[in-house]
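Protein chains in written order, with this note's numbering: chain A, 1250 to 1599; chain B, 1250 to 1599.
Don't read these hints as lab results, they were simulated from the structure.
Errors might be hidden in some of the hints.
Identical chains blur together in the list; that is why a pair holds if it fits in one copy or across any two.
[Unchecked claim] In silico DMTMM-like pairs for lysine to aspartate or glutamate, Cα to Cα no more than 20 Å straight-line:
1) K1282 with E1298
2) K1299 with E1406
3) K1502 with D1412
4) K1275 with D1412
5) K1404 with E1298
6) K1258 with D1553
7) K1502 with D1271
8) K1415 with E1574
9) K1465 with E1365
Because the structure is a prediction, the values reported are computed rather than measured.
2 protein chains.
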Amino acid sequence: MLEDKNPLKTNISQLGEFGLIDHLTKNFKLKQKTSIRGIGDDAAVIAVEKGMQLVVSTDLLVEGVHFDLSYVPLKHLGYKAVVVNLSDIYAMNATATQITVSIAVSNRFPVEALEEIYAGIATAAKLYHVDVVGGDTTSSTTGLLISVTAIGQAKPEVLVYRDGAKENDLLVVSGDLGAAYLGLQVLEREKEVFKVNPNSQPDLEPYTYLIERQLKPEARKDIPKLLADLGVQPTAMIDISDGLSSEILHICKQSEVGCNLYEDKIPLDPQVISTSEEFKLDSTTIALSGGEDYELLFTISTEDFPKIKANPHLTVIGHITHKKEGTHLITRANTKIPLIARGWNALQED
Amino acid sequence: MLEDKNPLKTNISQLGEFGLIDHLTKNFKLKQKTSIRGIGDDAAVIAVEKGMQLVVSTDLLVEGVHFDLSYVPLKHLGYKAVVVNLSDIYAMNATATQITVSIAVSNRFPVEALEEIYAGIATAAKLYHVDVVGGDTTSSTTGLLISVTAIGQAKPEVLVYRDGAKENDLLVVSGDLGAAYLGLQVLEREKEVFKVNPNSQPDLEPYTYLIERQLKPEARKDIPKLLADLGVQPTAMIDISDGLSSEILHICKQSEVGCNLYEDKIPLDPQVISTSEEFKLDSTTIALSGGEDYELLFTISTEDFPKIKANPHLTVIGHITHKKEGTHLITRANTKIPLIARGWNALQED
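Chain A extracted, bound-state conformation (with noise of 0.2 Å):
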């Protein structure tokens, strides 16, 4: 029979809710200390460690909105979902050890599709160290959608803010920017070819960074243990999921403080400026504005200065200015401009 010809569609209501559920999340695990109980029950039950404080954050990723099935595969997608929470712990100088996903999804997607995505979950979390203890799954009327809450703990003298830049503070950034971007360009590009002519073979090879950076981002939690292991607590920090301007004007305003950013100083990947170039667009323009780079971008005093200088992960792009200096980015011609927030905008994109 026609039907039986793909047999890995499995339509969900065949599972029922709490069957789905059952089924996609028994292979989790509780493997953090802090994890008392996990999905099954009303609530997870989470144990806070003696002098820490619990660090959440949310996020909703929207299907037409934050990404697009016809290049994502759902495996990605579900790493994604999660790495970009655990973003937002890291910005926090925390350790993230739990998340909670909650799923909508219509009934064109299969058992199988939610399989792969929860497959990109459980693989996020264990790379990452956190457990799934909670999460709804349920019908949506049409599209996907996924929400993450990350949860994480840290003592509160270690907690970093948004708001504690001091004038003279040097301004960091981890890792290089705008390669997301340019993947994201790439891959709808070959989605036009691909809608022209299916059968084109892309050559991708010249663009695996930028991809790998679109499609399966890492949040930077190696950098809270680093600022530790050099003894740096950051004054602000941020995680850059909206572009560097925007982010930097995010800490500015917080802070009141201003600040100059040096346009020679951004962090770019060979690949970032080979492929602007080929898209004809400015790489810093990219860097400023493009997003979900999931870098983390933080202020630390001077006296900090000598023990990141040497740091491969770090680099510094500016510094702190007092609030009536204003905020501006020094152009590679030593020209002064208004540093102005393009993040990319869930909501003005629509």
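Fit chain B to the given chain A structure using the hints.
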């Protein structure tokens, strides 16, 4: 100009993502002493009191699946989204302290619609003494979706799970059952009448309790306190979101016990009885399978019976048996029939 006729239609894209979140959440003040940091940083920060464990629950409400905006006012929707999550915290015998709220919304909703939802969220947060400490607002391609994560605290020895029911324990329920489901039936009927004759003026007077239970449910914040005051520590507890039979079966399965539920003990409001007759529905079936009552179902040791027997909020509806005896309903005619879970199921209804 025609476009200016309704000045209360502000497109959400006019404010942008950050502007919108600021606008909607600017009136949320932190009142709980455990709320260290709320909206506006990468994550919320929560202090955990000495000796307490943390309880976390998350739920999604999806337009067209969990609610129908043709008869659910937006303010009520915001209120209900909070309440149904808090109910899970109380079902752990814990105190709810914080929530995060994420909303995905299509452009057909103006800012004023989101303001209504947030007004309902604020009303619930105030009444239940919880702080809104985080959230996300984003576009959806269609419809409205609300994801709430509720956070609470309790001492480990006070927490109640689903798996602690013991043979001979009494099965107890708060309040009365079935009203919310019948309220939905009344609203669905009026919607159909309205479609045929938009000028009809329905007389909803005989259904006020039912409609209130459907549109503005309350979570049993009072029950954990009442139990503490009475000196009763339940052995197992769950909230009734999917119907009494489904919830009893959850407790029996997880506690590895059986039960006898007595039909004549199930507490029903007079409006449930009269409206069941009008709709030619069996009121026991409604109570067993209706769902959305958000009452608490729990088991207690027989020794604790004297402490609760005179309480008007609590009804003993059955008792726990050995697992081998199975899970049964003892009907008014004194027949013993197997208890079947036919609770409302968001995935099967799709």
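Hint check results:
In the homo-oligomer, the alpha carbons of K1282 and E1298 lie at most 20 Å apart both inside one protomer (10 Å) and across protomers (19 Å), since each shortest distance falls under that limit. Taking the closest pair of Cα atoms, K1299 and E1406 come within 20 Å of each other both inside a single copy (13 Å) and across two copies (17 Å). Proximity of K1502 and D1412 under a CA criterion of 20 Å is satisfied intra-copy only: 8 Å inside one chain copy versus 49 Å between copies. In the homo-oligomer, the alpha carbons of K1275 and D1412 lie at most 20 Å apart only across protomers (17 Å), although the nearest pairing inside one protomer, at 41 Å, exceeds that limit.
In the homo-oligomer, the alpha carbons of K1404 and E1298 lie at most 20 Å apart both inside one protomer (9 Å) and across protomers (14 Å), since each shortest distance falls under that limit. In this assembly of identical chains, K1258 and D1553 lie within 20 Å of each other by CA distance neither inside one copy nor across copies; the values are 57 Å within and 51 Å between. Taking identical chains as interchangeable, the C-alpha atoms of K1502 and D1271 lie at most 20 Å apart only when they sit on different chains, with a minimum of 13 Å there against 45 Å within one chain. Taking identical chains as interchangeable, the C-alpha atoms of K1415 and E1574 lie at most 20 Å apart only when both belong to the same chain, with a minimum of 13 Å there against 69 Å between chains.
Proximity of K1465 to E1365 under the C-alpha cut-off of 20 Å is restricted to the intra-copy arrangement: shortest distance 14 Å within a copy versus 37 Å between copies.
Hint compliance for this structure: hint 6 is the single one not met.
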